[in-house]
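Going line by line, the protein sequences match chains L and B. Under the working numbering, the letters of the first sequence match residues 1 to 83, in that order. Under the working numbering, the letters of the second sequence match residues 84 to 346, in that order.
Check before you lean on any hint, since a few could be wrong.
Unchecked claim - In the DMTMM-like style, the derived pairs of lysine to aspartate or glutamate whose C-alpha atoms are separated by at most 20 Å in a straight line are: (1) B/K105 with B/E195; (2) B/K258 with B/D210; (3) B/K311 with B/D225; (4) B/K315 with B/E326; (5) L/K36 with B/E334; (6) B/K160 with B/E102; (7) L/K13 with B/D283; (8) B/K248 with B/E195; (9) B/K248 with L/E11; (10) L/K36 with B/E102; (11) L/K36 with B/E326; (12) B/K89 with B/E199; (13) B/K314 with B/E340; (14) L/K10 with B/E286; (15) B/K86 with B/E98; (16) B/K248 with B/D283; (17) B/K218 with L/E20; (18) L/K19 with B/D225; (19) B/K171 with B/E98; (20) L/K10 with B/D162; (21) B/K184 with L/E20; (22) L/K19 with B/E286.
Said to hold, decoys possible - Which residues of chain B face chain L? A few of them, derived with a C-beta cut under 8 Å, are: (23) I88; (24) Q319; (25) Q320.
Said to hold, decoys possible - Have a look at the derived ranges for each label pair, beta carbon to beta carbon: (26) B/S232 with L/K19: 53 to 59 Å; (27) L/S69 with B/E199: 47 to 53 Å; (28) B/E326 with L/S69: 36 to 42 Å; (29) B/K187 with L/N63: 55 to 61 Å; (30) L/S12 with B/R322: 45 to 51 Å.
Hints are computed from structural coordinates only; laboratory data are not their basis. All C-beta atoms in this analysis are idealised placements derived from N, C-alpha and C, irrespective of residue type, glycine included.
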Amino acid sequence: MIKSANQQYKESKSQLPFKEWLSIEQDNGKLLGDEKMFNASGDNEEKKSSANPTRTGGMRMANLVGLLSAGMLAYGIYQETRK
Amino acid sequence: MVKKIKTNGNPTTLEIRVESRKEVTLALIVSDAEQKNTLYTKRTGVVNGVVSFFVRMPQSPRVAKVVVFNQARGLMKRDNSYKIVSIKQVPLRTINLPMSKQTKSFVKFAQEFSQEAGVLSATKGGDTYKSNNGKFRIDYFDIIRSKMSGYPLSTPARISQINGKIEVGKGKFQKYTIPMRMAILMHEYSHFYLNRSPSDESEADLNGLRVYLSLGYPRIDAYNVFLKVFKKAPNQQNRERYENLDNFIKEFRTKFEKGNYEQ
């Protein structure tokens with residue numbers, strides 16, 4: 001798990017102000033790629049259930065269309081073989 | 084009732100005096116008459132008798148459009164359930180608190196961005212806006228998404244703890260009033276530039292509010308925006324944040340704003 005810069009700062013028990021410490025760590029390349037953000041809403045929880053309703057809805061619809069097509073195909077083959 | 088008032092871009096306070104013989108809930112919207120999605124306030128108030136609404140405007144448009152209507156009836160051409168007694172401009176009262184050069188510079192950038200946020204372009208990949216001195220940067224997205232999964236997040240804005248880059252979601256910001264936008268931007272700025280503990284949300288709320296209130300922005304919009312954000316993320320931390328900011332606003336009012344306009 002990636003530790004946030006703030007966590008690393010606290011654990012380092014550095015006497016330097018956060019910004020100064022951060023700038024040194026960045027210069028040392030230790031914090032590169034850690035794009036942790038502070039959200040105004042305070043939490044980083046994603047709205048997994050409602051965030052992308054079309055994704056689950058879309059899958060259900062695809063299944064339904066697939067099932068219907070397979071049914072129609074089977075019915076067509078059945079009709080053809082009866083002739 | 085719709086009225087246009089020349090405010091000429093100057094800091095001001097609109098005093099809108101209304102009267103009603105029975106108790107009514109009036110809605111008040113002040114917007115830029117010449118630019119869409121640019122609100123200065125959107126609020127309601129119960130009126131029974133004569134009441135003044137004060138709309139503090141540290142930033143104002145050239146022409147402000149004032150709309151008042153009975154919330155139960157909606158906007159009508161003639162409505163005798165209330166009467167506008169007067170609309171006048173009174174001086175904006177600000178508090179002269181010490182502010183660093185850096186904070187002043189960010190305030191200027193945030194004010195410009197807030198004024199234009201309703202019409203600026205925003206995309207899925209983020210459109211970049213920089214302050215004139217190049218020190219501050221806002222990436223304007225259609226919606227804020229998780230960096231890991233790409234799912235939309237409920238937050239209107241966030242700030243990188245690495246470089247202070249702010250990300251804003253237009254979906255939310257477009258509906259906010261200018262003071263609401265300012266309250267959020269000052270909160271984000273505080274995380275990186277003012278806080279002793281950068282990850283402390285409550286500290287960022289209070290540091291941001293100190294600047295926001297001292298500039299003369301309305302208390303009601305600060306409450307509105309934080310309640311809106313907390314409603315989408317109702318947890319213990321945000322309950323405590325609300326209590327802290329409520330106490331802070333009340334204390335600020337007692338300490339600095341004795342006799343200042345309401346709201």
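36 to 42 Å as the expected CB spacing between L/S69 and B/E326, which holds or is violated: Once the Cβ atoms are compared, 57 Å apart, the range 36 to 42 Å for L/S69 and B/E326 is violated.
Interface hint outcome for B/Q319 [beta carbon to chain L under 8 Å]: violated, 10 Å
Satisfaction of hint between B/D283 and L/K13, Cα-Cα up to 20 Å: holds, 17 Å
Satisfaction of the hinted span 53 to 59 Å by the C-beta atoms belonging to B/S232 and L/K19: Given range 53 to 59 Å: violated, Cβ gap about 30 Å.
When the least beta-carbon distance from B/Q320 to chain L is tested against 8 Å, hint result: At about 5 Å, which falls below the 8 Å cut-off, the nearest Cβ of chain L leaves the hint on B/Q320 intact, so it holds.
Proposed proximity, B/E199 with B/K89 (alpha carbon, max 20 Å): Holds - the C-alpha atoms of B/E199 and B/K89 are around 19 Å apart, at most 20 Å.
Given hint B/E340 paired with B/K314 - CA-CA distance at most 20 Å: Between B/K314 and B/E340 the Cα gap is close to 29 Å, so the pair fails against 20 Å, i.e. violated.
Holds or violated: B/K248 to L/E11, with C-alpha atoms at most 20 Å apart: Cα-Cα ~24 Å, so violated.
Agreement of B/K258 and B/D210 with the hint, judged by alpha carbon distance not exceeding 20 Å: Judged against 20 Å, a Cα distance of about 19 Å means the pair holds.
Restraint check for B/K218 with L/E20, where alpha carbons must lie at most 20 Å apart: Measuring from Cα to Cα gives roughly 17 Å; hence the hint holds.
20 Å Cα cutoff - pair L/K36, B/E102: Measuring from Cα to Cα gives roughly 52 Å; hence the hint is violated.
L/K19 paired with B/D225 [C-alpha distance capped at 20 Å]: Violated. L/K19 to B/D225 sits at ~30 Å, over the 20 Å cutoff.
Hints 1, 5, 9, 10, 11, 13, 18, 20, 23, 24, 26, 28, 30 from the earlier list are contradicted by this structure; the remaining hints agree with it.
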